[in-house]
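Novice: Sequences listed follow chains A and B, in order. Once you know that position 97 of the first sequence is 98 in my numbering, the rest is easy, because the numbers rise by one and skip nothing. Once you know that position 77 of the second sequence is 78 in my numbering, the rest is easy, because the numbers rise by one and skip nothing.
One thing to keep in mind: the hints can contain errors.
As the list claims (entries may be wrong) - Below are the DSS-like pairs computed for lysine-lysine, each with C-alpha atoms no more than 25 Å apart in a straight line: (1) A:LYS78 x B:LYS166; (2) B:LYS30 x A:LYS147; (3) A:LYS110 x A:LYS274; (4) A:LYS78 x B:LYS87; (5) A:LYS78 x A:LYS15; (6) A:LYS147 x A:LYS78; (7) A:LYS78 x A:LYS309; (8) B:LYS94 x A:LYS78; (9) A:LYS36 x A:LYS64; (10) A:LYS78 x A:LYS68; (11) A:LYS193 x A:LYS274; (12) B:LYS132 x A:LYS147; (13) A:LYS68 x A:LYS242; (14) A:LYS317 x B:LYS30; (15) A:LYS242 x A:LYS36; (16) B:LYS30 x B:LYS87; (17) B:LYS30 x B:LYS117; (18) B:LYS132 x A:LYS193; (19) A:LYS274 x A:LYS147; (20) A:LYS317 x A:LYS64; (21) A:LYS147 x A:LYS15; (22) B:LYS132 x B:LYS85; (23) B:LYS94 x A:LYS147; (24) B:LYS166 x A:LYS309; (25) A:LYS64 x A:LYS78.
Unchecked claim - Between beta-carbon pairs, the in silico distance windows are: (26) B:LEU107 x A:ASN108: 55 to 61 Å; (27) A:PHE20 x B:MET157: 51 to 57 Å; (28) B:GLY159 x A:ALA331: 42 to 48 Å; (29) A:LEU10 x B:LEU53: 21 to 27 Å.
Claimed, not checked - Computed footprint of chain B on chain A, listed as stretches where at least three residues anywhere in the stretch have a Cβ under 8 Å from a Cβ of chain B: (30) 71-83; (31) 120-131; (32) 202-210.
Keep in mind the hints are simulated off the structure, nothing from the lab. These numbers come from a predicted model, not from an experiment. Backbone N, C-alpha and C fix where the C-beta goes; we use that ideal spot for every residue, glycine too.
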Amino acid sequence: MESLLYSLLFTLLKVLIVFLTALGVGAYLTWFERKLAGHIQNRLGPTVVGPFGLLQPIADAIKLATKETVIPRGADKPVYYMAIIMALVPSILLLAVIPWGPGFMVNGKYIEPIIADVNIALLLAFALGSLSVYGTIFSGWASNSKYAFIGSLRKAAVVIAYEVVLGFSVLGVILLAGTLSTVGIVEAQIQKGVWFIVYQPVAFILYLYCMLAESGRVPFDIQEAEAELVTGYNVEYGGMKFGAFPLAEWYVNVIALSAIAVVLFFGGWDGPKILGPLSPYFWFVAKTFALVFFTIWLHWTLPRFQAKDITEIAWKILLPIAILNVIITAVVVYIF
Amino acid sequence: MGEDRVEWIIFVVLGTWLILSALGTVFVKSPIHVILFFLSTLLAMAAIFLVLGAELLAGIQLIIYAVAIVVFYVLVITTIPWEKIKRFEGIYKSELMVASPILFILFLLMSYMVVKGEFAQPVGLVKDNVKDLGKELFTSYLFPFEVASVILLVAMIGAILLGRKEE
């Protein structure tokens, strides 16, 4: 009984740490994104609130939280509110299967810096990643607004297409590692002494496409499409209810998918020990942040695809490449 | 006995969730709410699979059922303008008459199976769910597996044929 209570409390602690860090980092990524976008477009970005505008996210949060609540006429209220939860929960749950570092011993107890080390971690990650589409669809539907609804239908079409490609693209990595567990994949890479991006460069590029599509980032952000849809599915949400959607989709989701990309292709916490016992964590966070940076960089430099092009690219070009990649990898793994 | 009791509590919570959502699926009027309850049912089912130690089944339940299949239901249901459709209000009498004896017999059969039959017992501690299931599927059950995939292929071709625009 005591060990059970202990493990429960310990898991709760891990959940709390990851949850709060993710929300905090997610909030501060808004500052980072605005700063970066500013410099890309030859402006300064936020400068007024605090030094370098560092207090801007807090000011934004206060502004959003104190806004008047407006619900559109004819909206389906329970679904309208539930859509926020359905958008936020899966992206936060994604963080549960990410291994932040290697396991270590404390007082004779083995501790792993991951919330749920299950042997279906990758399957779970992709299921949760696509479960967040319900938040998008139902928010658009419940708002009783044409713009919002068109946005959510576009997003649904994109997610259906890219989820399939995503599943096939990572199969190569799973074949090489021989496991679905995130910890196992990282350990396989460390054992082999080579990151899987060397063996699976095509899969990584496909994964990048899917990551951008799933998190609704440019060039696949047709569900927002400010010019045509006045930001799409979340247009009828105000205040902090609005804030929850970009936080989930643009920030937490991007962090989680980048972290999974690091696990799959960049050796997880693998790296030279330059910071002593803290170096695995440093490498993991640094690699993840590099991918997040890359995503935001693309967001502010590329134009957007047309709606029909995006699904066509997925079904007609990316999916055949992904399947071919799987077949070739399987044959090569079988022969050697 | 601590762990057993905790497992029991978790199972009761999940079971209640499952039954309530299944009842909601049947009794709620709005089609959108029905599909939401259905989704909730599937999630509860996946959670129960996890508790029972069938991790791969839970993952597949989530990724195939809760996402891939229900997304298509949702796509169709949300695009129909329900407020413009004239709906039948009342009880389907003849259908009820036909269905209730069948349901009753099914219920009796199931109760008999639960009371008299034996529950499947775990053979032993399975270490890697995914690996074992894959091995079984591609050795002992290869033929049924392939037949199932052919059936799915036929269904897909049929759907494409039906959905094709007439020239």
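Novice: All the hints need checking, so say for each whether the structure fits it.
Specialist: Going down the list of hints, with the structure as the test:
no.	hint	result
1	A:LYS78 x B:LYS166	violated, 38 Å
2	B:LYS30 x A:LYS147	holds, 24 Å
3	A:LYS110 x A:LYS274	holds, 24 Å
4	A:LYS78 x B:LYS87	holds, 23 Å
5	A:LYS78 x A:LYS15	violated, 34 Å
6	A:LYS147 x A:LYS78	holds, 17 Å
7	A:LYS78 x A:LYS309	violated, 32 Å
8	B:LYS94 x A:LYS78	violated, 33 Å
9	A:LYS36 x A:LYS64	holds, 19 Å
10	A:LYS78 x A:LYS68	holds, 19 Å
11	A:LYS193 x A:LYS274	holds, 18 Å
12	B:LYS132 x A:LYS147	violated, 47 Å
13	A:LYS68 x A:LYS242	holds, 10 Å
14	A:LYS317 x B:LYS30	violated, 40 Å
15	A:LYS242 x A:LYS36	holds, 24 Å
16	B:LYS30 x B:LYS87	holds, 14 Å
17	B:LYS30 x B:LYS117	violated, 38 Å
18	B:LYS132 x A:LYS193	holds, 21 Å
19	A:LYS274 x A:LYS147	violated, 54 Å
20	A:LYS317 x A:LYS64	violated, 45 Å
21	A:LYS147 x A:LYS15	violated, 42 Å
22	B:LYS132 x B:LYS85	violated, 51 Å
23	B:LYS94 x A:LYS147	violated, 39 Å
24	B:LYS166 x A:LYS309	holds, 18 Å
25	A:LYS64 x A:LYS78	holds, 24 Å
26	B:LEU107 x A:ASN108: 55 to 61 Å	holds, 56 Å
27	A:PHE20 x B:MET157: 51 to 57 Å	violated, 41 Å
28	B:GLY159 x A:ALA331: 42 to 48 Å	violated, 30 Å
29	A:LEU10 x B:LEU53: 21 to 27 Å	holds, 25 Å
30	71-83	holds (count 4)
31	120-131	holds (count 8)
32	202-210	violated (count 0)
Of the hints listed earlier, those the structure fails to meet are numbers 1, 5, 7, 8, 12, 14, 17, 19, 20, 21, 22, 23, 27, 28 and 32, in rising order.
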